[in-house]
Amino acid sequence: MFDSIFQNLFNALQWGSFYSLIALGYTLVYGVLRLINFAHGDIFMVGAYIAFFLSIFFFKGDLALSGSTTLVLVIPLTMILTSICGVTLERIAYRPLRRKGANRLYVVITALMCGLILENGNLAFLGASRKSFPELIDKVVYQFGPISMTNLKIGVVLSSIIVFFILNAFITKTKIGMAMRAISYDKFAIPLMGIPIDTIIVVTFVLGSSLAGLAGILFAMSYPVLDPFMGALIGWKAFIAAVVGGIGDIKGAFVGGFLLGIVEIMAVAVFPSTFRDLIAFSILLMILVVKPTGLFGIAKSTKI
Amino acid sequence: MLLEIKNLYVKYGNIEALHGISFTVDKGEIVTLIGSNGAGKTTTLHAITRVPPPEGSKVSGGDILYDGKSILNVSAHSIVADYHIALAPEGRHIFGNLTVEENLKLATYSRKDDAARKKDYERVYDLFPKMAERRYQRSETLSGGEQQMLSVSRAIMTACDFILLDEPSMGLSPLLMYDMFRVLKKLNEEGMTILLIEQNANLALKFAHRGYVLDTGEIVARGSAKDLLNNPDVKKAYLGG
Ligand SMILES: Nc1ncnc2c1ncn2[C@@H]1O[C@H](COP(=O)(O)OP(=O)(O)OP(=O)(O)O)[C@@H](O)[C@H]1O
Ligand SMILES: [Mg+2]
Chain A
1352 MFDSIFQNLF NALQWGSFYS LIALGYTLVY GVLRLINFAH GDIFMVGAYI AFFLSIFFFK
1412 GDLALSGSTT LVLVIPLTMI LTSICGVTLE RIAYRPLRRK GANRLYVVIT ALMCGLILEN
1472 GNLAFLGASR KSFPELIDKV VYQFGPISMT NLKIGVVLSS IIVFFILNAF ITKTKIGMAM
1532 RAISYDKFAI PLMGIPIDTI IVVTFVLGSS LAGLAGILFA MSYPVLDPFM GALIGWKAFI
1592 AAVVGGIGDI KGAFVGGFLL GIVEIMAVAV FPSTFRDLIA FSILLMILVV KPTGLFGIAK
1652 STKI
Chain B
2 MLLEIKNLYV KYGNIEALHG ISFTVDKGEI VTLIGSNGAG KTTTLHAITR VPPPEGSKVS
62 GGDILYDGKS ILNVSAHSIV ADYHIALAPE GRHIFGNLTV EENLKLATYS RKDDAARKKD
122 YERVYDLFPK MAERRYQRSE TLSGGEQQML SVSRAIMTAC DFILLDEPSM GLSPLLMYDM
182 FRVLKKLNEE GMTILLIEQN ANLALKFAHR GYVLDTGEIV ARGSAKDLLN NPDVKKAYLG
242 G
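Here the protein sequences line up with chains A and B, keeping their order. According to the numbering used here, the residues represented by the first sequence are 1352 to 1655, in order. According to the numbering used here, the residues represented by the second sequence are 2 to 242, in order.
It is worth saying that the hints were derived from the structure and are not from the lab. These numbers come from a predicted model, not from an experiment. Cβ coordinates follow ideal geometry from the N, Cα and C atoms, glycine included. Errors might be hidden in some of the hints.
Chain B regions said to be covered by chain A (calculated; three or more residues, Cβ under 8 Å) [stated by the list, open to error]:
id, stretch
1, 3-15
2, 28-42
3, 72-78
4, 88-99
Among the chain A residues that face chain B by a calculated CB cut under 7 Å, a handful are [to be verified]:
id, residue
5, F1539
6, A1540
7, P1542
8, A1620
9, F1622
Counterexamples of contact, computed for chain B against chain A with all Cβ distances above 12 Å [said to hold, decoys possible]:
id, residue
10, V52
11, A156
12, M193
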């Protein structure tokens, strides 16, 4: 019984890592723009596909690089290309609306549409058939007493933790990070400090999208079947994780992601697996009812 | 002439707030713009600093020249970073979720002059010892008066040589107000050009070299501070007798 709890907990950490990495993107964009970027789950999907095509190119193509070399190339390239995708959305969809001072509702609907365009664009151009991600690294199983861990799962969990600490240092220590925090408090005064708002927004999208890209690679390696709608449900869940953590706060998104992973896995451990999402969402709902601002959120009147 | 406002018209949507005002500020001067609530003082400063819509307004006519060049097409951040004009805005607008020091640090965002920047921290902490004391405190926990000092300190940290002050005495006790004006005087003596907006016209005219009186979007009186203090119309309308 205890053994399976620890085993489950470890699996929960893996799923928590995916949720956290994606939730961080939601929370960063929300913190800076007060925009819920509903296309973000699909940016994650785009990341997984970019990783897929790059891997095929390096690993299976004429180059026939080794799996580990491929991975070393694919990680940064996917993060860069995914962030270009995120920044493009901001440029062509969100920025024009911002310039026109459009109502928040229209911006959110635009975000939803962007997500649908990414999903259906993928479906239209790449077809409905699922892609299977090549196995880049050989699976190694470590046995710690009764708990078995694979190198991949350990890698996933460690990556998300390391990435979080790097991001946290960026947000707290650098001037751009400070500006990102400052915008959420008072947007008006940002240009008065000589700071170009658009630069800060672009950096925000680069950060959020590259983390989604990283999540895309890690997810594709762990569950190597890709389809155009793979980002939809994960995206919603990560968004909820960000809200439960306290949207706008990166610690909240990180913890919220892991919390969701744990709640889900524990639900399946006790109830039939069809109950998983029902129970997980009910628990998150209860947390929000008790603390509507989320675990780390602070009620603040300046938050619009 | 450092700043020249030429026949400036400004609109909020369809409502015109400034109906063709003109005034100038010379290098090294302290000029004050006085007027009652809603006269268009803040609107004028926001036009100069190019605050973009929706917070800002639209210039619908006239021109703003700085050092002889029109700045109407300059973006707000570049006004600070490249033209070295800073605004301590009405209502302070400090970043309450950052510490005092982080607020100051953020104001140096576009600066590359490392040595001078270090000196400026000392200068600000020297001008406002309260800021040094509260350095690591989250700035929303400062008192209103301290927040006002932070707002002015932040403007100084941008390395401006022209500072626009929108009611810097707001929320200050008489003692702190005296302190604030002493600091501003000192800044001016060190070469800073100042455009000051004040509700308290008496105070502003005692402090400034020259002044303009703004009334519902039009300039109705101008002159040396001394002349304005003795102008019977100004006395009656703005100096309480
Ligand atoms: N965002 C806005 N939208 C529409 N009208 C505005 C806006 N801001 C200011 N106004 C109008 O423009 C006019 C000038 O306002 P402004 O804020 O410049 O006055 P002020 O002289 O700074 O007054 P106060 O001393 O009260 O600060 C007022 O009639 C005001 O109602
Ligand atoms: Mg005003």
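To see whether the hints hold, each was checked on the structure:
For the stretch 3-15 of chain B, the proposed coverage by chain A is not satisfied: 0 residues have a C-beta within less than 8 Å of a C-beta in that chain, short of the threshold of three. For the stretch 28-42 of chain B, the stated coverage by chain A is violated: 0 residues have a C-beta nearer than 8 Å to a C-beta of that chain, whereas at least 3 were required. Using a Cβ-Cβ cut-off of 8 Å, 3 residues of the stretch 72-78 of chain B lie near chain A, which meets the minimum of three, so the contact claim holds. For a cut-off of 8 Å, the count of residues in the stretch 88-99 of chain B with a CB near a CB of chain A stands at 8, and the three-residue condition holds.
Here the hint on F1539/A is kept, as its CB sits about 5 Å from the closest CB of chain B, short of 7 Å. At about 4 Å, the closest approach between the beta carbon of A1540/A and any beta carbon in chain B falls short of 7 Å, and the interface hint on this residue holds. The beta carbon of P1542/A is positioned within 7 Å of a beta carbon in chain B (closest approach about 4 Å), and the interface hint is therefore held. Because the closest C-beta pair between A1620/A and chain B is about 39 Å apart, greater than 7 Å, the hint is violated.
Look at F1622/A: its Cβ only gets to about 41 Å from chain B, farther than 7 Å, so that hint breaks. For V52/B, the non-interface assignment is contradicted: its Cβ lies about 7 Å from the closest Cβ of chain A, within the 12 Å cut-off. With a least beta-carbon separation of about 8 Å from chain A, A156/B fails to lie farther than 12 Å from that chain, contradicting its non-interface assignment. With a minimum CB-CB distance of about 17 Å to chain A, M193/B clears the 12 Å threshold, and the non-interface call stands.
The structure does not agree with the numbered hints 1, 2, 8, 9, 10, 11 stated previously, though it agrees with the rest.
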